[in-house]
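There are 2 protein chains.
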Amino acid sequence: MRIELLKNEMIKSKADGYLISNINNVFYFTGFMDVSDATLSLIIPLDGEPTLLVSPLSYTAAKDNALNCLVNVISTEKKIIDKLIKKIKLNNLKKIEFDTLPTPMYIELIKRLKGVKITPNQNSIWNLRRIKDEQEISFLRKASTLADIGIKTGIQAIKTGVKEYEIAAEAEYAMRLHGSEGTAFDTIVASGPRSAYPHGVSTNRVISKGDFVILDLGAISSGYRSDITRTIVVGTPTQKQSKMLELVSRAHQKALECIHTDINAQEVDANAREVLKSEGYGKQFLHGLGHGVGLDIHEPPTLSSRSEDILKKGNVVIVEPGIYIVGFGGVRIEDTVLVHKNYGERLTQALYYL
Amino acid sequence: MRIELLKNEMIKSKADGYLISNINNVFYFTGFMDVSDATLSLIIPLDGEPTLLVSPLSYTAAKDNALNCLVNVISTEKKIIDKLIKKIKLNNLKKIEFDTLPTPMYIELIKRLKGVKITPNQNSIWNLRRIKDEQEISFLRKASTLADIGIKTGIQAIKTGVKEYEIAAEAEYAMRLHGSEGTAFDTIVASGPRSAYPHGVSTNRVISKGDFVILDLGAISSGYRSDITRTIVVGTPTQKQSKMLELVSRAHQKALECIHTDINAQEVDANAREVLKSEGYGKQFLHGLGHGVGLDIHEPPTLSSRSEDILKKGNVVIVEPGIYIVGFGGVRIEDTVLVHKNYGERLTQALYYL
Numbered sequence: 000m001r002i003e004l005l006k007n008e009m010i011k012s013k014a015d016g017y018l019i020s021n022i023n024n025v026f027y028f029t030g031f032m033d034v035s036d037a038t039l040s041l042i043i044p045l046d047g048e049p050t051l052l053v054s055p056l057s058y059t060a061a062k063d064n065a066l067n068c069l070v071n072v073i074s075t076e077k078k079i080i081d082k083l084i085k086k087i088k089l090n091n092l093k094k095i096e097f098d099t100l101p102t103p104m105y106i107e108l109i110k111r112l113k114g115v116k117i118t119p120n121q122n123s124i125w126n127l128r129r130i131k132d133e134q135e136i137s138f139l140r141k142a143s144t145l146a147d148i149g150i151k152t153g154i155q156a157i158k159t160g161v162k163e164y165e166i167a168a169e170a171e172y173a174m175r176l177h178g179s180e181g182t183a184f185d186t187i188v189a190s191g192p193r194s195a196y197p198h199g200v201s202t203n204r205v206i207s208k209g210d211f212v213i214l215d216l217g218a219i220s221s222g223y224r225s226d227i228t229r230t231i232v233v234g235t236p237t238q239k240q241s242k243m244l245e246l247v248s249r250a251h252q253k254a255l256e257c258i259h260t261d262i263n264a265q266e267v268d269a270n271a272r273e274v275l276k277s278e279g280y281g282k283q284f285l286h287g288l289g290h291g292v293g294l295d296i297h298e299p300p301t302l303s304s305r306s307e308d309i310l311k312k313g314n315v316v317i318v319e320p321g322i323y324i325v326g327f328g329g330v331r332i333e334d335t336v337l338v339h340k341n342y343g344e345r346l347t348q349a350l351y352y353l
Numbered sequence: 000m001r002i003e004l005l006k007n008e009m010i011k012s013k014a015d016g017y018l019i020s021n022i023n024n025v026f027y028f029t030g031f032m033d034v035s036d037a038t039l040s041l042i043i044p045l046d047g048e049p050t051l052l053v054s055p056l057s058y059t060a061a062k063d064n065a066l067n068c069l070v071n072v073i074s075t076e077k078k079i080i081d082k083l084i085k086k087i088k089l090n091n092l093k094k095i096e097f098d099t100l101p102t103p104m105y106i107e108l109i110k111r112l113k114g115v116k117i118t119p120n121q122n123s124i125w126n127l128r129r130i131k132d133e134q135e136i137s138f139l140r141k142a143s144t145l146a147d148i149g150i151k152t153g154i155q156a157i158k159t160g161v162k163e164y165e166i167a168a169e170a171e172y173a174m175r176l177h178g179s180e181g182t183a184f185d186t187i188v189a190s191g192p193r194s195a196y197p198h199g200v201s202t203n204r205v206i207s208k209g210d211f212v213i214l215d216l217g218a219i220s221s222g223y224r225s226d227i228t229r230t231i232v233v234g235t236p237t238q239k240q241s242k243m244l245e246l247v248s249r250a251h252q253k254a255l256e257c258i259h260t261d262i263n264a265q266e267v268d269a270n271a272r273e274v275l276k277s278e279g280y281g282k283q284f285l286h287g288l289g290h291g292v293g294l295d296i297h298e299p300p301t302l303s304s305r306s307e308d309i310l311k312k313g314n315v316v317i318v319e320p321g322i323y324i325v326g327f328g329g330v331r332i333e334d335t336v337l338v339h340k341n342y343g344e345r346l347t348q349a350l351y352y353l
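Going down the list, the protein sequences come from chains A and B.
Its first residue numbered 0, the first sequence is counted upward by one per residue in numbering that gives the first Met the number 0.
Its first residue numbered 0, the second sequence is counted upward by one per residue in numbering that gives the first Met the number 0.
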């Protein structure tokens, strides 16, 4: 079914073949998830059966699990190229689109396939993947519930004297024990001045009284990822800290309130940003308001001032306003949100801990 | 210093500029580790100062941590391309090499930089990265010690009634609490018939008496990764299981014994493979004997029948013979090994649990 939808996209862009190398895209169309650095290739002729080329290490697993395609084993990267070229010639393909290719492979295909047009076109796949179906939404709900467990456990572990990575350890362990397939991305525990880094990962810094601590994590369920952030102050917040927390939570609420089908993503960003701007923190909100999430942690649609996306029912987006003050610290509040016709539903539902 | 060595490589291949987009390569040359899906670019003119282009989200962290380069902030991917083109024209670069580029970016650079040759050449960097220096080896030792802790904890957690992912949870938690910066790759707990998948990740399968359980995991220390596998039988092994375990451990030992500076990687693979072949298990050893490891989990040199690599002092390689019998199960034993002049030193040192 998904392959048929991709073929509709191919017809629109007049392509007669599509080549997939990204493991999440292969999973989306076949149900087979290879390891993260696998070399594999799914070739979909407009007229004809898709073929999945996998390494000998993945062959048995692919045979057992991949649907909607033939599975061929290919022993080396060079042979993948040879096999692809053979398939392309056999099917007489003339305009092939692809999601992603290692540049050396792209260069070789171009060189050896004179007269065949080979073009990147990720949009054909994103047009499908950005709208989640019922099953995908159930996986995203599960991943979000697991992230809530991680946040709750992580927040409980925050106290003076503890190292950032120890907090990450507790949160990740709780998610894993409840069935998370790993972490959706590198867990961020950014404390004290480090909380001013939007991408702070976690270090051996020891938590002190008065620190901001940003805890940003996600879980994975059936391949689908969630993303949540909470920020707390260790001990009693100063007036400035309270103000920052309150403002960011207001910006977050503002975004949630305005989400619905057919709103411009730009407008959602602008609404949240205005809350921070109006109090003089516009420049300290360094990044876009958010992004889509699914099999990947960053997907379309994008919530930012430059986005041209329009929100649709079935989009799942991250909403993550923040304030970052270099040398002082930062605050971010983030949820995974499902777009409905008239509202945005928080899939992550942990307390705000304000 | 590393940048000077890269410039020597550039001189050899007559390049006057090198463009780095891989986060581990950026870390190798600057000491700054960005998040895993960051868009960033380090441009190194042969004559001139390197410049690192990073997103606003990473700017403060990069300013605080990146050495040997200027740091510029770039707000969008499009602007990275504009800025790169400006730098390339300003420095009058005519032959640029790169490690990796998203294909659309490669296509745009080619189109907009007529008269400039732009070629992938990862070897220039691998020529440096494949030989680990003292500091890198100390990080790899640390990562290996953490992996030993993970294996010990994971093995202790294996018993009938437990789910595969629960074993992964215990192992990962122990590594993380001892300071691992995450998992070096998705932990594999492949039990029963699933042990015949070389890349089995972990599922909710419940461990039963008589199962083979393959536990394959790694830790990260200062960005460097380790890799270890042990296989055990739950309860008393059958004769066939014992035979498989014994053979794989002999193949593993054989490989370790023959590792030294200047041996062909192919020969190491052949020696280990012969042990399995001689007992009729040649075809069930589905993959190469191993691969280099460092900041990435798969690096040169490659230990396989097709490898053209020659081992050198300072290489760190994975040695991982295995037997996989579809429908029955599999065995793999794996260590992270440092190549010395006259021997291979196991950096992972956990018991074999035979």
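It is possible that some hints are incorrect.
Facing chain A, according to a computed beta carbon distance under 8 Å, are these residues of chain B, among others [as the list claims (entries may be wrong)]:
| id | residue |
| --- | --- |
| 1 | Thr102 |
| 2 | Gly160 |
| 3 | Val161 |
| 4 | Tyr164 |
| 5 | His297 |
| 6 | Ile324 |
| 7 | Val325 |
By construction, these hints were calculated from the structure, which means they are not laboratory data.
Bear in mind the structure is a predicted one, so any value in this text is a computation, not a measurement.
Note that the Cβ used here is the ideal one computed from N, Cα and C, for glycine as well.
Against the structure, the hints come out as follows:
With a least beta-carbon distance of about 5 Å to chain A, the hint placing B/Thr102 at the interface is held under the 8 Å criterion. A hinted interface residue such as B/Gly160 counts as satisfied when its beta carbon comes closer than 8 Å to some beta carbon of chain A; here the least separation is about 15 Å, so the hint is violated. Below 8 Å, beta-carbon pairs count as interface contacts, and B/Val161 has none with chain A, the closest being about 11 Å; its hint is therefore violated. Proximity of B/Tyr164 to chain A holds as hinted, the smallest CB-CB distance being about 6 Å (cut-off 8 Å).
Against a cut-off of 8 Å between C-beta atoms, the interface hint on B/His297 holds, since the closest Cβ of chain A lies about 6 Å away. Interface restraint check: B/Ile324 against chain A, minimum CB-CB distance 10 Å, threshold 8 Å, status violated. A cut of 8 Å between beta carbons decides the hint on B/Val325: the least distance to chain A is about 5 Å, and the hint holds.
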